[in-house]
Amino acid sequence: MKPPQPTVTIGIPAYNAGRTLEAALDSALAQTFDHGFEIVIVDDQSSDLTYAIALEYAFRFPRIVRCFRQEHAGVATARNRVLQEARGTYITWLDADDRYRPFKLTFSFSQLYQAINALGHRNIIAYGDYTFNGKIHHARALLEDPMGNLLTGQLNGYLWTTLAPIEIYRNLGGFRAELHRSEDQDLLVRFLRSGGIFQHVSGAPQIDYTFQTTGRAGADVENSFRFLLDEYRSEYEKLPEYKRYIARRLWEVSGFYQSERKWEDMWRCRGEALASCFEEVFPRLMGAISAEINNKIDAAEKRIMAAKK
Amino acid sequence: MIETTDPAESPTPETEAVAPVPAALPEPSDLTDSDPVDRPAEAEPAIDDAPVEQVEGFGLTLPDDTIDAAPAAPPAGEASPDLPASDEEDVVEIPADAGGEPSAAPEPDVVAEITLESSASDDDGTPPEAESVEQPDALPEHPAAAEAPGEPSGESPAAEVAPDLEVLAPVEAAPIDPVVAARAGTRIVLAIKYLHERWGGAERMACVTANILVELGYSVALSVFEPNGPRVMFELDPRVQVTNASGAKRPTAPNVLEAVASAGLLAAEDPAIAAEFQGWAKENTFAMSWASGIMALEPSLVIAYLPHTYMPLLYTLGRTIPVIASFENDPALEFVRFLGNRDTEAKRALYWGILGQAAGIKALHRPFVDEIAPYFGGKIFLVPNFTDPASLHLIPTKRQRVFAGGRLAEVKGFEVLIDAMKIVASRYPNCLLTLYGDGELRDKLAKQIKRLWLQYNVVLCGFSDKLDLPMAQSQLSVVPSTIEGFGLVALEAMAAGLPVVAFGDCRPVAHLVEDGGAGIVVDTRSPESLAAAILTLFDDPPLAKALGEAGRLYADGYSKEAYTDNVLQMVTDTLADAV
Numbered sequence: 001m002k003p004p005q006p007t008v009t010i011g012i013p014a015y016n017a018g019r020t021l022e023a024a025l026d027s028a029l030a031q032t033f034d035h036g037f038e039i040v041i042v043d044d045q046s047s048d049l050t051y052a053i054a055l056e057y058a059f060r061f062p063r064i065v066r067c068f069r070q071e072h073a074g075v076a077t078a079r080n081r082v083l084q085e086a087r088g089t090y091i092t093w094l095d096a097d098d099r100y101r102p103f104k105l106t107f108s109f110s111q112l113y114q115a116i117n118a119l120g121h122r123n124i125i126a127y128g129d130y131t132f133n134g135k136i137h138h139a140r141a142l143l144e145d146p147m148g149n150l151l152t153g154q155l156n157g158y159l160w161t162t163l164a165p166i167e168i169y170r171n172l173g174g175f176r177a178e179l180h181r182s183e184d185q186d187l188l189v190r191f192l193r194s195g196g197i198f199q200h201v202s203g204a205p206q207i208d209y210t211f212q213t214t215g216r217a218g219a220d221v222e223n224s225f226r227f228l229l230d231e232y233r234s235e236y237e238k239l240p241e242y243k244r245y246i247a248r249r250l251w252e253v254s255g256f257y258q259s260e261r262k263w264e265d266m267w268r269c270r271g272e273a274l275a276s277c278f279e280e281v282f283p284r285l286m287g288a289i290s291a292e293i294n295n296k297i298d299a300a301e302k303r304i305m306a307a308k309k
Numbered sequence: 001m002i003e004t005t006d007p008a009e010s011p012t013p014e015t016e017a018v019a020p021v022p023a024a025l026p027e028p029s030d031l032t033d034s035d036p037v038d039r040p041a042e043a044e045p046a047i048d049d050a051p052v053e054q055v056e057g058f059g060l061t062l063p064d065d066t067i068d069a070a071p072a073a074p075p076a077g078e079a080s081p082d083l084p085a086s087d088e089e090d091v092v093e094i095p096a097d098a099g100g101e102p103s104a105a106p107e108p109d110v111v112a113e114i115t116l117e118s119s120a121s122d123d124d125g126t127p128p129e130a131e132s133v134e135q136p137d138a139l140p141e142h143p144a145a146a147e148a149p150g151e152p153s154g155e156s157p158a159a160e161v162a163p164d165l166e167v168l169a170p171v172e173a174a175p176i177d178p179v180v181a182a183r184a185g186t187r188i189v190l191a192i193k194y195l196h197e198r199w200g201g202a203e204r205m206a207c208v209t210a211n212i213l214v215e216l217g218y219s220v221a222l223s224v225f226e227p228n229g230p231r232v233m234f235e236l237d238p239r240v241q242v243t244n245a246s247g248a249k250r251p252t253a254p255n256v257l258e259a260v261a262s263a264g265l266l267a268a269e270d271p272a273i274a275a276e277f278q279g280w281a282k283e284n285t286f287a288m289s290w291a292s293g294i295m296a297l298e299p300s301l302v303i304a305y306l307p308h309t310y311m312p313l314l315y316t317l318g319r320t321i322p323v324i325a326s327f328e329n330d331p332a333l334e335f336v337r338f339l340g341n342r343d344t345e346a347k348r349a350l351y352w353g354i355l356g357q358a359a360g361i362k363a364l365h366r367p368f369v370d371e372i373a374p375y376f377g378g379k380i381f382l383v384p385n386f387t388d389p390a391s392l393h394l395i396p397t398k399r400q401r402v403f404a405g406g407r408l409a410e411v412k413g414f415e416v417l418i419d420a421m422k423i424v425a426s427r428y429p430n431c432l433l434t435l436y437g438d439g440e441l442r443d444k445l446a447k448q449i450k451r452l453w454l455q456y457n458v459v460l461c462g463f464s465d466k467l468d469l470p471m472a473q474s475q476l477s478v479v480p481s482t483i484e485g486f487g488l489v490a491l492e493a494m495a496a497g498l499p500v501v502a503f504g505d506c507r508p509v510a511h512l513v514e515d516g517g518a519g520i521v522v523d524t525r526s527p528e529s530l531a532a533a534i535l536t537l538f539d540d541p542p543l544a545k546a547l548g549e550a551g552r553l554y555a556d557g558y559s560k561e562a563y564t565d566n567v568l569q570m571v572t573d574t575l576a577d578a579v
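Heads up: the protein sequence lines correspond to chains A and B, in order. Just so we're aligned, residue 1 is where the first sequence starts under this note's numbering, counting upward by one. Just so we're aligned, residue 1 is where the second sequence starts under this note's numbering, counting upward by one.
Read the hints as simulated data drawn from the structure, not as lab findings. Being a predicted model, the structure only gives us computed values, none of them experimental. All residues carry an ideal CB built from backbone N, CA and C; glycine is no exception. Among the hints, a few may not be true.
Computed Cβ-Cβ distance ranges for the label pairs, DEER-style [said to hold, decoys possible]: (1) A:R122 with B:L543: 37 to 45 Å; (2) A:K238 with B:L452: 49 to 57 Å; (3) B:L452 with A:N295: 51 to 59 Å; (4) B:K545 with A:L119: 51 to 59 Å.
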């Protein structure tokens with residue numbers, strides 16, 4: 001029996017996701033969706049079992065799952081490959097560490113479809129609620145000012161919450177291959193600039209997102225931040241507290257460097273943050289310095305006490 | 001493969017009671033009892049597990065000589081000698097397909113009128129504080145749960161609660177129908193030992209029945225006896241008084257003492273029965289405490305749900321006030337619950353001896369009435385559960401869909417259904433089983449699905465209380481349960497117009513399916529035979545449609561109106577006999 005022509009493509013870019021890919025695929029397969037869907041996995045030349053797992057699922061579900069492998073080129077390129085291979089008229093995404101709930105496709109498709117019919121055009125992306133480490137994240141209010149919230153990161157550019165007519169991605173020329181992070185945020189900003197509209201998907205959240213900070217390199221975070229800043233400076237400058245936002249993000253980036261023990265980069269970002277918004281950063285800086293000094297004093301005291309004994 | 005069980009051939013409770021049912025029976029229940037959230041796996045306490053209460057010792061009020069001096073209980077398998085074989089006339093037969101017009105009902109038309117008037121006069125007549133309470137329709141998902149803490153239940157002494165009677169009675173205002181006025185002065189206590197955060201079918205029906213009786217104008221209280229709450233999981237009319245008799249300070253009412261005095265009747269000369277009785281009494285030391293809590297509510301009638309409730313209450317109250325024992329399961333199961341691990345002649349004699357105190361037994365299915373009749377001399381009321389007609393017509397889908405629902409527990413038999421789906425999927429690769437419900441077996445079922453590579457064909461949809469749409473989008477429903485009390489999940493599927501596939505060994509469901517000509521009853525509990533039945537219906541859509549239509553018509557007979565009439569008749573009959 002022929003599978004139904006896929007209406008929706010679920011794109012999964014995967015890199016060294018051997019530990020979580022199976023659960024993600026299980027959740028993507030377990031959809032009550034009635035109009036046909038396919039799953040396209042693009043492995044970014046993982047060094048673990050990712051591709052083997054993808055192959056097994058493709059073998060078990062030949063009518064639904066297809067997988068491809070590319071030379072290591074980053075997530076944006078992997079996403080572009082998904083766009084190339086997709087057969088669906090609509091596309092959504094899934095990252096290997098996230099899970100769909102059973103009505104993810106059903107809810108977002110029916111509401112996107114209604115919005116397209118109501119508005120008479122297809123430049124619409126459905127955006128649903130999700131749980132973030134178990135806590136429900138409501139998007140409705142944030143979607144009232146999508147551009148501002150997207151730029152400040154309040155509205156996350158998580159593509160797995162979305163469902164969109166696939167031509168939106170193609171018309172925008174796909175993802176920027178040079179971005180190794182925030183390629184999703186970048187694409188959604190361009191989508192809004194092209195006059196696109198977000199449609200909120202109501203109903204219970206249909207994705208469970210597990211956030212992990214591990215494996216995020218400070219340099220990648222900084223580069224993608226600077227790229228967006230340069231690219232959309234005019235948009236950022238419209239934000240009410242633009243300087244304060246820049247300072248906050250730079251402080252965040254310095255945190256990544258701190259955990260990597262890259263002190264020079266950490267101080268460089270902290271200094272730049274201070275220059276961007278003194279009021280925002282100075283208290284943080286003093287807090288960090290005094291905490292550090294207090295730690296040193298405590299340690300010294302302990303050593304003295306130990307020596308006395 | 002397709003079996004037509006003759007209910008008459010079904011084994012008697014004794015034979016059926018023996019092996020296949022585990023000692024600690026999980027609660028047989030309906031679709032709606034599924035857990036919304038992860039609930040710690042808890043076995044339904046069989047009577048043996050009932051916590052021994054620290055209240056005044058029941059053993060003290062029961063000297064050994066009382067037991068020795070007492071007359072013998074009727075031997076098992078024989079009708080009580082006092083009430084010889086009168087069962088045929090006494091069975092109040094309410095045909096399921098009578099569409100809510102029981103032939104034996106005293107005045108069905110008047111009943112309907114009274115129902116309307118009673119609710120109207122209640123609305124006009126209740127004092128303002130009662131009126132300000134939210135109406136059931138507007139209540140949130142679990143209104144009863146939300147309001148339970150505020151109820152004068154929990155810790156408050158039962159004695160304090162009794163004065164509410166006056167407040168509940170309609171006051172002056174519009175002219176009041178004398179029948180309704182009489183009902184307002186008639187206190188009915190629905191008793192169920194455990195209600196706190198329980199989703200079982202019996203718990204649900206106790207709440208539903210309480211709402212219906214209040215709507216009819218009676219003064220209704222729900223009495224539990226448990227350490228916590230109760231936080232009630234089902235919608236409950238605010239006029240229903242909820243009391244927890246456990247832990248309350250209460251005076252021992254004189255009529256309870258009277259009950260104790262006459263209780264010797266139940267003990268037996270037979271030393272084996274006496275020994276059983278002593279063992280049973282030890283496990284039911286809470287009975288006196290609960291009984292006096294209920295007496296403080298001044299009931300005219302007690303309806304007691306499940307053996308853990310009706311056994312102690314029949315023993316303590318059965319001689320004083322009419323108590324209806326509400327069988328919420330296959331009688332064989334009610335019996336097993338009582339028997340626990342030890343199935344002895346003496347224990348059965350004791351069981352039916354105590355049950356002999358009941359003013360009536362309420363049974364869920366016609367065959368069950370027939371099975372109880374040889375053991376019970378009193379009235380047996382057939383009061384099947386009900387379902388609302390489906391709100392949606394069937395919606396065509398591209399994938400062949402099977403609906404199933406219920407708590408994810410061993411007794412629901414979903415493992416064999418998932419195995420069967422592997423076979424079905426080899427013929428219909430796009431088929432989809434939507435399995436609604438949650439429970440302790442969730443992880444195990446998920447693993448089974450993964451092991452069989454059925455992730456695309458079997459979806460665990462979680463708990464939902466809105467099942468109209470998923471049912472309407474399915475071609476058939478499978479109810480693979482091993483144990484159901486009534487089989488409401490099957491009836492709901494029938495009401496939605498779905499043909500139902502069930503196993504013959506689950507008698508309530510098999511009875512509904514066969515009686516309604518609404519599907520296929522599978523003889524052997526195996527994935528192969530189940531898959532064959534599903535494929536039969538997938539392969540033959542006209543057959544599936546015809547069976548679905550038959551089920552829809554059949555389910556019409558199980559309406560809320562019919563249920564209300566049956567309950568009213570049971571109550572009025574019992575009250576009339578008691579006078």
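Results of checking the hints against the structure:
1. A:R122 with B:L543: 37 to 45 Å: 42 Å, holds
2. A:K238 with B:L452: 49 to 57 Å: 55 Å, holds
3. B:L452 with A:N295: 51 to 59 Å: 55 Å, holds
4. B:K545 with A:L119: 51 to 59 Å: The hint (51 to 59 Å, Cβ to Cβ) is violated, given that B:K545 and A:L119 are roughly 39 Å apart.
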